[in-house]
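Protein chains: 2
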Amino acid sequence: MSIRIGILGYGNLGRGVESAIKQSEDMELVAVFTRRDPSSLKINTESAKVLSTSELDHMENDIDVLVICGGSATDLPEMTPKYAAKYNVIDSFDTHAKIPEHFKNVDDAAKNAGKIGIISCGWDPGMFSLNRLYAMSILPEGKDYTFWGKGVSQGHSDAVRRIDGVKDCRQYTIPVEASVEKVRSGSNPELTTRDKHVRECFVVAEDGADKAAIENAIKTMPNYFADYDTTVHFITEEEMARDHSGLPHGGSVIYTGKTGDNNKNTHVIEYKLTLDSNPEFTGSVLIAYSRAAYRMNKEGMKGAKTVFDIAPAYLSPLSGDEIRAHYL
Amino acid sequence: MSIRIGILGYGNLGRGVESAIKQSEDMELVAVFTRRDPSSLKINTESAKVLSTSELDHMENDIDVLVICGGSATDLPEMTPKYAAKYNVIDSFDTHAKIPEHFKNVDDAAKNAGKIGIISCGWDPGMFSLNRLYAMSILPEGKDYTFWGKGVSQGHSDAVRRIDGVKDCRQYTIPVEASVEKVRSGSNPELTTRDKHVRECFVVAEDGADKAAIENAIKTMPNYFADYDTTVHFITEEEMARDHSGLPHGGSVIYTGKTGDNNKNTHVIEYKLTLDSNPEFTGSVLIAYSRAAYRMNKEGMKGAKTVFDIAPAYLSPLSGDEIRAHYL
Numbered sequence: 008m009s010i011r012i013g014i015l016g017y018g019n020l021g022r023g024v025e026s027a028i029k030q031s032e033d034m035e036l037v038a039v040f041t042r043r044d045p046s047s048l049k050i051n052t053e054s055a056k057v058l059s060t061s062e063l064d065h066m067e068n069d070i071d072v073l074v075i076c077g078g079s080a081t082d083l084p085e086m087t088p089k090y091a092a093k094y095n096v097i098d099s100f101d102t103h104a105k106i107p108e109h110f111k112n113v114d115d116a117a118k119n120a121g122k123i124g125i126i127s128c129g130w131d132p133g134m135f136s137l138n139r140l141y142a143m144s145i146l147p148e149g150k151d152y153t154f155w156g157k158g159v160s161q162g163h164s165d166a167v168r169r170i171d172g173v174k175d176c177r178q179y180t181i182p183v184e185a186s187v188e189k190v191r192s193g194s195n196p197e198l199t200t201r202d203k204h205v206r207e208c209f210v211v212a213e214d215g216a217d218k219a220a221i222e223n224a225i226k227t228m229p230n231y232f233a234d235y236d237t238t239v240h241f242i243t244e245e246e247m248a249r250d251h252s253g254l255p256h257g258g259s260v261i262y263t264g265k266t267g268d269n270n271k272n273t274h275v276i277e278y279k280l281t282l283d284s285n286p287e288f289t290g291s292v293l294i295a296y297s298r299a300a301y302r303m304n305k306e307g308m309k310g311a312k313t314v315f316d317i318a319p320a321y322l323s324p325l326s327g328d329e330i331r332a333h334y335l
Numbered sequence: 008m009s010i011r012i013g014i015l016g017y018g019n020l021g022r023g024v025e026s027a028i029k030q031s032e033d034m035e036l037v038a039v040f041t042r043r044d045p046s047s048l049k050i051n052t053e054s055a056k057v058l059s060t061s062e063l064d065h066m067e068n069d070i071d072v073l074v075i076c077g078g079s080a081t082d083l084p085e086m087t088p089k090y091a092a093k094y095n096v097i098d099s100f101d102t103h104a105k106i107p108e109h110f111k112n113v114d115d116a117a118k119n120a121g122k123i124g125i126i127s128c129g130w131d132p133g134m135f136s137l138n139r140l141y142a143m144s145i146l147p148e149g150k151d152y153t154f155w156g157k158g159v160s161q162g163h164s165d166a167v168r169r170i171d172g173v174k175d176c177r178q179y180t181i182p183v184e185a186s187v188e189k190v191r192s193g194s195n196p197e198l199t200t201r202d203k204h205v206r207e208c209f210v211v212a213e214d215g216a217d218k219a220a221i222e223n224a225i226k227t228m229p230n231y232f233a234d235y236d237t238t239v240h241f242i243t244e245e246e247m248a249r250d251h252s253g254l255p256h257g258g259s260v261i262y263t264g265k266t267g268d269n270n271k272n273t274h275v276i277e278y279k280l281t282l283d284s285n286p287e288f289t290g291s292v293l294i295a296y297s298r299a300a301y302r303m304n305k306e307g308m309k310g311a312k313t314v315f316d317i318a319p320a321y322l323s324p325l326s327g328d329e330i331r332a333h334y335l
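These protein sequence lines are chains A and B, in that order. Numbering follows the numbering used here, in which position 80 of the first sequence is assigned residue number 87; successive positions increment by one, without gaps. Numbering follows the numbering used here, in which position 328 of the second sequence is assigned residue number 335; successive positions increment by one, without gaps.
Where hints are given, some of them may not hold.
Where chains are identical, the list cannot tell them apart; a pair therefore holds if satisfied intra-copy or between any two copies.
[To be verified] Straight-line distance between alpha carbons at most 20 Å, and here's what the computed EDC-like set of lysine to aspartate or glutamate pairs gives:
#1 K271 to D202
#2 K93 to E329
#3 K118 to E306
#4 K150 to E329
Quick caveat, the hints were computed from the structure, so don't treat them as lab data. Source: prediction; values computed, not measured.
Only chain A is shown next, with the shape it has when bound in the complex (with noise of 0.2 Å):
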């Protein structure tokens, strides 16, 4: 039998856990819910149905594990716990800070339901967590650094086109190659945040709108780009609409440590991702952790759960004999 999976919220993100289902022989996808008119909405999967999120009051056997696919700042600290009283349910949480109140919460609602809520899953709280974790733990002397990009920040995409005469603006995070490579010699060199990124901008601006102005605007903008040497391209919407509609992303968590006599013997770890999609890729991570979720449940365990208390060995369909043949 397949596991059935729900999800919440069809933006980026929802359509690529969509697309990562479509590649899971062992799941089928049982529904999207979304707070806007469910007549409104057009999905990919022929099979699967388009509700509205109150039909999750009473959804519990039709759905194993809930993919809920909100925002950070907002949704997902109401939506994770509310819904790990009914499901078992993942997200990807990543407003660092609010992590540990963000857990007790699941934490709380997963466990008086006897379920498991995955929080905080997919490459950065995800897989970039889980190497500097593995490498900490294997190399204890030693020091972590993560670049990310190139590739598109929503965030700071969106704080541009906030500004007075953008219409529209795509910002490129990059890491700086002379420290990447810094820091791969394992000199363990000390980095400002200016050291690590460039920021890249490409500009619609308004018909008559200002240039320098918004060029001075971005770069003086504080925490978004005044630490960072950034550029800022001012294109055509042509432009925009045929170099700039991919969401590529990723990066690479690199860890020196030290061993041996006088700490004489220097490693390297590097885990890169080069990822052409960012919400395909990041739906991927969710989905192979929602086969997790559901077999843990079905071993009998609750509550809240990272990808650092997850088996590794959960996250494949194949059986415990053939991963060892295969993969060991």
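With chain A held as given, fit chain B onto it using these hints.
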């Protein structure tokens, strides 16, 4: 209270494990066990004993985890099940075809004794296996490539040493960078054995030996060298001692997977190790997983395990709250 470790076997790997214990504040080395005369062995930990393996018959109350540092050909198939009947154990068994049988033997012994037996732990099998499994679980439509090196292969070095007229040899396995780049590009190339790695031998010949004959014997040796492009350099004993005393190794697991409509999006996941000391890194992995063995057994788990079966949180000495706060 510290986790009390015993090391069985004191070659390069045993010393690497000893070195890793010194970096772990929650662990102490109780004793090194040897089949040699214990009085002949000088170890690097003053507080630890050197004992004969026969003492393991009665030290169940003194050792929490026994790290078995023996060879995969004959030592581990016998030792690991034997000691799993009394101790939590861990080994780095790497004879791939015999893993199912070894797993079964250790599982039977460990379950019967209520102990944990972790097998095939290190970096390959070990961390590389984990990365293959995570990647294929996230992106089911993909392909994995493993490259080894640049690093010293002990097996190949030994094979050359057995040739007539050879006094010493160090063999380096080196990935073909052009092939690594092809894989990184996401083009999913078909690669032969010769495409993936080259082999480089540094040989000290005996006085008056026929160097042309040695070089020919190396390059035509079946399994070890015949399928590779191999370079042979003759050097002096002084050069060997000066330039080739280390045991560096490493390599990378590169996985390329597709997602989206018509699989239009490509993702590349790369995990890369660059290790100054293969035995010290492997020893560090064994010690992190020894911590897991101890903690899982404390929670009542038993039987054979591999890296696939172990939730990452068990590897860290930090609490769940701490790792969520600092590494997620």
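Going through the hints against the structure:
no., hint, verdict
1, K271 to D202, "neither (27 Å within a copy, 34 Å between copies)"
2, K93 to E329, "neither (33 Å within a copy, 28 Å between copies)"
3, K118 to E306, "both (14 Å within a copy, 19 Å between copies)"
4, K150 to E329, "between (35 Å within a copy, 17 Å between copies)"
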